[in-house]
Amino acid sequence: MRSRAILVLLALAASGTPLAGQSIFNAAGLGVPVEPLDARARALGSVGIGLRGGAFTPNDPAALGRLSIATGVMAGQPSWVDYSSGPESGEFRGNRFPLLGVAYPAFGGMMSVQIGSFLDQHYRSASTGSVDLSSGTVGSTDEFEQDGSVSTLNLGYARLIGSSVAVGISYGRLAGSVDRVLTRSFADEAASDVDDYVERGMWSYGGHQVMGGVSADLGSRFRLAASVHVPTDLDAVATEETRGDDRSFDLPIQLRAGGSALLLPGLVVSGSVALADWSSLQDDLLGSDRAETASGFGVGVELTQARVLGRDAPLRLGFRRTRLPFAFDEDGVTERIFSGGFGISLNTTSEIVLAGLDLAIERGLRSGSNISENFWRATISLVASGF
Amino acid sequence: MSFKRSRRGPKLLATVVGLSCGFAAGCEEELPVAISDDLPGEPITVEVDVPWSDFASNLEVFGGYGSPRDLDDGFVANDFAGTLDARTLLRFSSYPRSATVRDETGTLRPDSNLTHVGGRLVAFFDTDASTNTGAVTLELGALQAEWDSKTVSWSFAVDTINDQRAWSEPGAGPVLDFGTAVWDPADGDSAVFALDSAMVAAWSDTTDLSAGARISLVEPGSRLLLRGAALRVDARPSLDPDTLVELLPQTRTTTFIYDPFPTPPADGIRIGGAPSWRTVLDLAIPEQLDGPAEFCAVVSCPHVLEPGQISYAALVLTSRSSEDAFQPTDSIILDVRPVFDRSAMPKAPLGNSLIGGVRGRAVPPGAFGSDPGVQIEIPFTSFSRDLLRGTDTSGNPAPGTLALLSVFEPYSIAFASFEGPGSASEPILRLVLTIGPPVELP
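Top line first, the protein sequences correspond to chains A and B.
Be aware that the first sequence starts at 1, since it is given in our numbering, and climbs by one per residue.
Be aware that the second sequence starts at 1001, since it is given in our numbering, and climbs by one per residue.
Simulated from the structure, these hints should not be mistaken for lab results.
Check the hints yourself; a few may be wrong.
Under 7 Å between C-beta atoms, here's a sample of chain B residues computed to sit facing chain A [as the list claims (entries may be wrong)]:
no., residue
1, L1031
2, P1032
3, A1034
4, L1039
5, G1041
6, P1043
7, T1045
8, S1311
9, P1379
10, T1434
11, G1436
12, P1438
13, E1440
14, L1441
15, P1442
Distance ranges between label pairs, derived from CB positions [unchecked claim]:
no., chain 1, residue 1, chain 2, residue 2, range
16, A, V210, B, D1290, 52 to 60 Å
17, B, P1307, A, D329, 32 to 40 Å
18, A, T137, B, N1352, 27 to 35 Å
19, A, E240, B, D1290, 23 to 31 Å
20, A, S84, B, P1307, 38 to 46 Å
21, A, S84, B, T1393, 39 to 47 Å
22, B, D1187, A, T137, 45 to 53 Å
23, B, E1306, A, T137, 24 to 32 Å
24, A, S130, B, D1290, 23 to 31 Å
25, B, T1393, A, L153, 33 to 41 Å
26, B, G1351, A, T137, 32 to 40 Å
27, A, S130, B, P1364, 26 to 34 Å
28, A, D329, B, D1290, 37 to 45 Å
29, A, T137, B, A1266, 38 to 46 Å
It should be emphasised that the depicted structure is a prediction, and the values quoted were computed from it without experimental measurement.
Built from N, CA and C at the ideal position, the CB exists for glycine as well.
The shape of chain B in the complex, shown without the other chains (with noise of 0.2 Å):
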């Protein structure tokens, strides 16, 4: 057979293709939904409480994270709780060579021929977390011996390897009186140090691995938060003798040092402080459900858990009262991470937050102080799955030990305390179990 084609063929059937595409694709997809409620295999969701012993062990409690200059806040403290000082440690970068000013002609010119005539120390206190209600007396003091920010505590001022150096006065002293000062919380959120020539050149020397300053607290019975120190230095330009500038030096470190230091505790977990504490436990999410009665009314006992099971997992901790002198008066944000290595610790890695990191889970200090027994639940779900599992989702090994700790360490010189086991609100373990049959075909 044999045939003429149109010419117009190729672009009609072109148009046509192009119409009939446009027109079928350009209509919007909507899945039907069916109207009966029987849903196939439906699941049922039950709460199930594990006591300690069928899922935790090894509890232990390290102490060390962490350094209070890390904090970058300071505390001072004077036989708080009856037992409690604490002191603040400040050092300042160097001060500035020049200032800018008008010469005898009127003109802005640099002039770095200043001289020190004085000048101030202005310092910030957190008037939420401080615990004093009245006027508290302060006291300024130059440091005599060498310190290093880093390791220096209450009894020595360099604590580092081969090197051990104690302070001649524990807690930092003596000091240099620099004189005192009053904060009264209802007059505002800082105290001032006024300071002659002689004390502002005391600080100036950056080489001087002595120079410091320390605030004390002379009225017993508070603890206050220093959220920060600012010197200002006035100084006379040769340029404008009869005006004054003022100079502000950056503060380079501020931490401090407090006595007694807290010993871990015997029979509870411990999270937080300044160094920090963290508390490790080995976990093991049971195979096998037995109970409790509520829960084998409704899924056939013994029950053999699987992953996908799990919509939740949690650590159930109650809290306690931690020691007086280290009662937050912020909350508290909680952090749970894995362990990679047990056997490493206290240095052991830890893995990523469970609960989603810097958020973490946040507890009210009353928790620990005036309201004890609040139940706090820990998250982690993905955690328990892998465990049950016995590997990740990257088919790893799943790390079988947890680390409780503070989402910053350090993050307050106070620090939370929960129950341990043993004790009649011992640490517990709560699973969401949401259980179906598997999906069939019709």
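So here's chain A without its partners, still in its complex pose (with noise of 0.2 Å):
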């Protein structure tokens, strides 16, 4: 059971493409977090904690003690992106998989695994200038790109204390790297004989995490639940050939919390929030760059008895807005998003789902620093147990 269980998820990971970047953000500061969360809770505009059922959501690490058996799970996340900055416009697509892992139960609870990325930090500039030389001037064109994110690798276990609390805690380990390479190249006839200049730093991530929740049930219409994810500082070690220094950046403790009730029979609203104060990571950042606090809320309809061709298919809404931790200026950067999306039951059995498909759409507009940009963005997250 447990080979096969790797197995899986081995062939997940492997099937999927590179991570890429999904904002014009990702410039500023640290990037924009990537945030672990499936295709339930982003139809629903969660944060990703207080939902009902048991979940695979690392932001509500007691979530986990609530499912029954082993379970895994994968979320694919395409994205399509046009951006406007005054007369400039441009668009660009990309993907990422924020969320994989596998949980099985041990010593009374659920043990887990989950990989995933933490700051995605992708993006390239250009700028042209030109160069005065004995032949002339020429032309030249600057280019920088980064390469890289901040990923995150977590152990957990929860477990049911009683019938209606349920406790979790992680331990992760930050990892990841990032290549940021400045290229200046002489396109120019004149100049063809002029070797391009690189400039390139390269730095791994390094750092750890603990994250801890509680989740009750208040009855049996509603759930409440909060967890709290305290970082260490992330330290950047730079490879032997950049000239660029080490780094440290001390990273904030995260707070969330998240409830959801039913009100109806199969109509269940949710609601959480999340704050996080980057501030603290001003002093370390050298450029122009700000953090700020990121701060947000989400909330969601769910109609629970929804069916589609003989199978459960729950319908969701959602609403989120959220203020990115690192901007351009002190305008920040906020992020408003709908969503909808459902989720199939392929295979169930004695009210367990065995395999089960959820999709979120997302129609979202992050705005700041005179910069605009629309997004759609998908979801599909797999849940396979039983395995």
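Using the hints, put the two chains back together into the complex; each one sits in its own frame.
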């Protein structure tokens, strides 16, 4: 059983494409946070905590304790982005896999392993200029590309205490790397013999994090949950060839809370909030980028008794508003998302979903620093249990 | 807890996994493009000219690379530019021993009983590279002494180790007079010498080491480039004595001899010629720059130079007129290669071309004749980085000596000349430096 579970996860991981940037604000500070959320949480506008039922959401460590059998989850997330800033506009697209994990019963609860990204840092930029040489003035192009991300590997444990309270804790290792390359090229015919100038820096990330959470059912209709995420400093160690310095970033404690309520049979509403004061990292930044308090909330509604083709297919709608932790100036960046989606239980036995698919579609807007970024984002998550 | 699994589960699971992965993986990846023009660590690019004394030393000119025979062309000249005499020597392969002819019944048959009755020697000239503007008379003669095509010169028929034999008359003489021909560039590119049977017979024995033709120029004042020569032999077959067949023996060797042989320049750079000239110099890329003022205006001086900052490095040479007799009539293509062991010169092995092999750096002929003073840049950027670093990309010690040479050796009887150290237009090192701060994390 255990080997089959590992094989399933390896197959999922091997099928993935490299993570690519999904926002132009990846260029600010340490990038844009990547939240390890599945499609259900995305569709409900949640920050990933306080949802009913058992769930594999690392932002809600206690929820894992409500799972009854071995569970694996993978989420894929393509996005399509168009942006504008005054007369300039453009578009790009990318994929990422924000959540990949497996949980297995052990020690009276559930042990879990989860990998994913924490901060997305991919972007590139370019500018043109000219250089005066003895052969004349020649055109030059400077291109900067940053390729990398901060990733996490989390080991967790959660269990029920009694019938209504669950607790969970996880330990995570922050890892990943970033490669920053500045290239000046001379495309002019008169400078065809002039080589490109390349200045490169590569850093490896390291750090630790601990996350703890608790959730409680209040009667049969209400659930409340809270979690705290405590990271150490994020250390960036330069490779031997890198001229740039080693760095350390003071990551903030992140607090999350959420709840859901069964208002009517088949109608569940949910809400959640998140708070993290990234401004403590401002002193660690060299440039003019701003680190700010990243707070946010999300609300959603779920019609749990909807059915499609004779199968359970809950419908979901949500809204979410958050502030991004990094911006180009003091205006900050706000993200607003309207979302919708549904889930399909592909195979159930004794009220347990053995295979399920969830889909979320989000239409969002990020704005700040005179930049407006609209995006469509799809999230598909697959849950497989009982292996 | 116990439960019964659905039998459809694995199929559904596989379908969903496949669809999910295909959906996500099928999307094209594109990196976000930041709108801001502010790049981290924007560099500056400046050009610096370094004087000879700050980067180079020990300039030396070596000659004797290759043989005129390797050029596979010929030259003829008579008192060209008041000095140069040149003659072309030819040697032919064996004549075809049979020909296919029709016998009395009209059937094609091979006939090996051929009688050589005469022929022609057709000489082809390069009308652009030859200096004459009108008709010139050419003289054909048959050599009388044994000669070695690889070592033959104006004075010596054979000039190998332990065997040096002079011509009876300098200039590959004396010869048996085989007549003359007139070449007028206005009429075409070839001159034809008529040959009788005795003349044809003189070159038929390939074991005769004295066999050979000499073409020389009668009128003074010109230098002609002979691109090739073809011997046509008329033969009468025994099967059909009423007809003549034309046999086409190959020209085995084309070479030339000339006089006077130029002496190495005392104060300049010479590249090319036949045999070829090379110029060798030692280089040391300055580790620190403290000028000129224009450079220090944008970079704090003294500036410690790093290999990665060199975007371009080139030796800048200023052309000057070659000796009149050896001025080129076509572009000369220059090359630059590292010398692995200076102490082994003139036989030191050379490295690969630093400017792209056969493409080289072409310089128009006027730069070495009527229009001297042209600046030519010979780039060696990667070499300069290795030199500054002390090792090449493989970790081997970087050679500190460069050889300037023509891209093919020999390339022409003419050679390129440049101003040397000490002149007002001495060679300089041109550097294009791109200097930026280290890339840091945000």
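Right, here's what the structure says about each hint:
1. L1031: With Cβ-Cβ at 5 Å, under 7 Å, it holds.
2. P1032: holds (4 Å)
3. A1034: Holds: closest Cβ of chain A sits about 4 Å from B/A1034, inside 7 Å.
4. L1039: holds (5 Å)
5. G1041: holds (6 Å)
6. P1043: holds (6 Å)
7. T1045: Where the cut-off is 7 Å and the nearest Cβ of chain A is about 4 Å from B/T1045, the hint holds.
8. S1311: Result: holds, 5 Å to nearest chain A Cβ.
9. P1379: holds (5 Å)
10. T1434: Holds: closest Cβ of chain A sits about 4 Å from B/T1434, inside 7 Å.
11. G1436: Holds - the Cβ of B/G1436 comes within 7 Å of chain A, reaching about 5 Å at its closest.
12. P1438: holds (3 Å)
13. E1440: holds (4 Å)
14. L1441: holds (5 Å)
15. P1442: holds (5 Å)
16. A/V210 with B/D1290: 52 to 60 Å: Holds, since A/V210 and B/D1290 (Cβ atoms, about 56 Å apart) stay within the stated range.
17. B/P1307 with A/D329: 32 to 40 Å: This hint holds: roughly 38 Å between Cβ atoms.
18. A/T137 with B/N1352: 27 to 35 Å: holds (33 Å)
19. A/E240 with B/D1290: 23 to 31 Å: About 30 Å separates the Cβ atoms of A/E240 and B/D1290, which means 23 to 31 Å holds.
20. A/S84 with B/P1307: 38 to 46 Å: holds (42 Å)
21. A/S84 with B/T1393: 39 to 47 Å: Given about 45 Å between the Cβ atoms, the range holds.
22. B/D1187 with A/T137: 45 to 53 Å: holds (51 Å)
23. B/E1306 with A/T137: 24 to 32 Å: holds (26 Å)
24. A/S130 with B/D1290: 23 to 31 Å: Between A/S130 and B/D1290, where Cβ atoms are some 27 Å apart, the hint holds.
25. B/T1393 with A/L153: 33 to 41 Å: Given a distance of about 37 Å, which is inside 33 to 41 Å, the answer is holds.
26. B/G1351 with A/T137: 32 to 40 Å: holds (34 Å)
27. A/S130 with B/P1364: 26 to 34 Å: holds (29 Å)
28. A/D329 with B/D1290: 37 to 45 Å: For B/D1290 against A/D329, whose Cβ atoms are near 41 Å apart, the range 37 to 45 Å holds.
29. A/T137 with B/A1266: 38 to 46 Å: holds (40 Å)
Of the numbered hints stated above, none is contradicted by the structure.
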